[in-house]
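Q: Single-letter residue listing:
Protein chains: 2
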Amino acid sequence: MRSKIRRLPQRGNYELQVIYQILDEGLVCHVGFAVEDQPFVIPTAYSRVGDRLYIHGSPASRMLKSLSNSIEVCITVTLLDGLVLARSAFHHSMNYRSVVIFGTAMIVDNIEQKLEALQAFTEHVIPGRWAEVRPPSPQELQGTLVLSLPLTEASAKVRTGPPLDDEADYSKEVWAGVLPLEVVAAAPIADPRLQQGITLPAYIQNYIPRHRSFNSSR
Amino acid sequence: MRSKIRRLPQRGNYELQVIYQILDEGLVCHVGFAVEDQPFVIPTAYSRVGDRLYIHGSPASRMLKSLSNSIEVCITVTLLDGLVLARSAFHHSMNYRSVVIFGTAMIVDNIEQKLEALQAFTEHVIPGRWAEVRPPSPQELQGTLVLSLPLTEASAKVRTGPPLDDEADYSKEVWAGVLPLEVVAAAPIADPRLQQGITLPAYIQNYIPRHRSFNSSR
Chain A
8 MRSKIRRLPQ RGNYELQVIY QILDEGLVCH VGFAVEDQPF VIPTAYSRVG
58 DRLYIHGSPA SRMLKSLSNS IEVCITVTLL DGLVLARSAF HHSMNYRSVV
108 IFGTAMIVDN IEQKLEALQA FTEHVIPGRW AEVRPPSPQE LQGTLVLSLP
158 LTEASAKVRT GPPLDDEADY SKEVWAGVLP LEVVAAAPIA DPRLQQGITL
208 PAYIQNYIPR HRSFNSSR
Chain B
8 MRSKIRRLPQ RGNYELQVIY QILDEGLVCH VGFAVEDQPF VIPTAYSRVG
58 DRLYIHGSPA SRMLKSLSNS IEVCITVTLL DGLVLARSAF HHSMNYRSVV
108 IFGTAMIVDN IEQKLEALQA FTEHVIPGRW AEVRPPSPQE LQGTLVLSLP
158 LTEASAKVRT GPPLDDEADY SKEVWAGVLP LEVVAAAPIA DPRLQQGITL
208 PAYIQNYIPR HRSFNSSR
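Read top to bottom, the protein sequences are chains A and B.
Going by my numbering, the letters in the first sequence line up with residues 8 to 225, in that order.
Going by my numbering, the letters in the second sequence line up with residues 8 to 225, in that order.
Only true hints are included.
Pairs involving identical chains hold if they fit within one copy or between any two copies, as the list cannot separate such chains.
List of simulated lysine to aspartate or glutamate pairs, DMTMM-like, C-alpha gap at most 25 Å:
(1) K72 / E119
(2) K179 / E147
(3) K164 / E32
(4) K72 / E43
(5) K164 / E43
(6) K179 / E139
(7) K72 / D58
(8) K72 / E147
FYI, nobody ran anything at the bench for these hints, they're computed from the structure.
Given the sequences, and given the hints that come with them, work out the whole structure.
A: Written as structure tokens, this is what we have:
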């Protein structure tokens, strides 16, 4: 099965750009691994820096403990772009973009690379945030396990566009089309312990999740 | 690892309700399985009927072929509810709700149960849709592989609320709090081949994805 995934050098630059775009728009990935034939799928944050994907967490986390033993991993990022409403129940579908990555995660030991990864986690989710917050202390850096996965074995899958109905069904008197879904930010909720006089920064006030519907105009 | 997941009868009714609510709000699950130590994580639609989760697809799908060989599966549903902005980079987090289910998927052979599952797929995503569309033909029913997973070994994980900063950081002049994220429907896009005179049904016009932010009032 896995052999069907082509390696990046064999693909065009276009597919690589699609993979990067999907990874940059997503906020959560699902990490899959198996321990003695038992599969696990764990949601976690991630970031992409160049041709690597980083995930992180406490060294005590069971997932990261398993992954740092150099076992095979599959990481999937899925963006749901819309509901596809066909004239028949059978042809209902969803518009989505997903990336599936295979590989072996490596522990990031180098402190500079670790700091680069941590900065990327923050900036990936909220651009502009890193410069404002207290950077990680040496102890925090020590207490964070960062894993790196090369994006050499990755593939993208994309569905867009209207439903594909059976020819005979197109005459049916049923509304058909796409209902785009978008992720939007609601009003920020200040921490109850926020110091008085601190105003909301523009990068939060104007935050637009990168994962907007692929169907709508951007 | 898996043994730490308690079985449902040992848990209170509250946790079961949380699990059901998360599953009912989600639209996509991530199915994890391993073939010869190689893990796979595939996004797919699903529905819950009582204490079972259904997934479906073409019998030709590699994933469903693997799963119908009664191998162990892990299915995860994740709802991202908000970004948690702390005063330190280290304590940034996300508010989310997730369910992880372990088990062995079984093929649904019984035609009535299969039809029940297909109806649940449609109604789970777009309540009101099933009654309007052409129901599955015998050939379509035949051509759909439905798998069923009991919800006997499932657990929920939920993070809500403000950031948890180090005590010394609370005096910092940095905005902190939660930025809730919501999934919303944008304007429906009619199929280019839609028959003239077909109006948009109310259940699409007024569609509200069940996955709204946990932080906002509902």
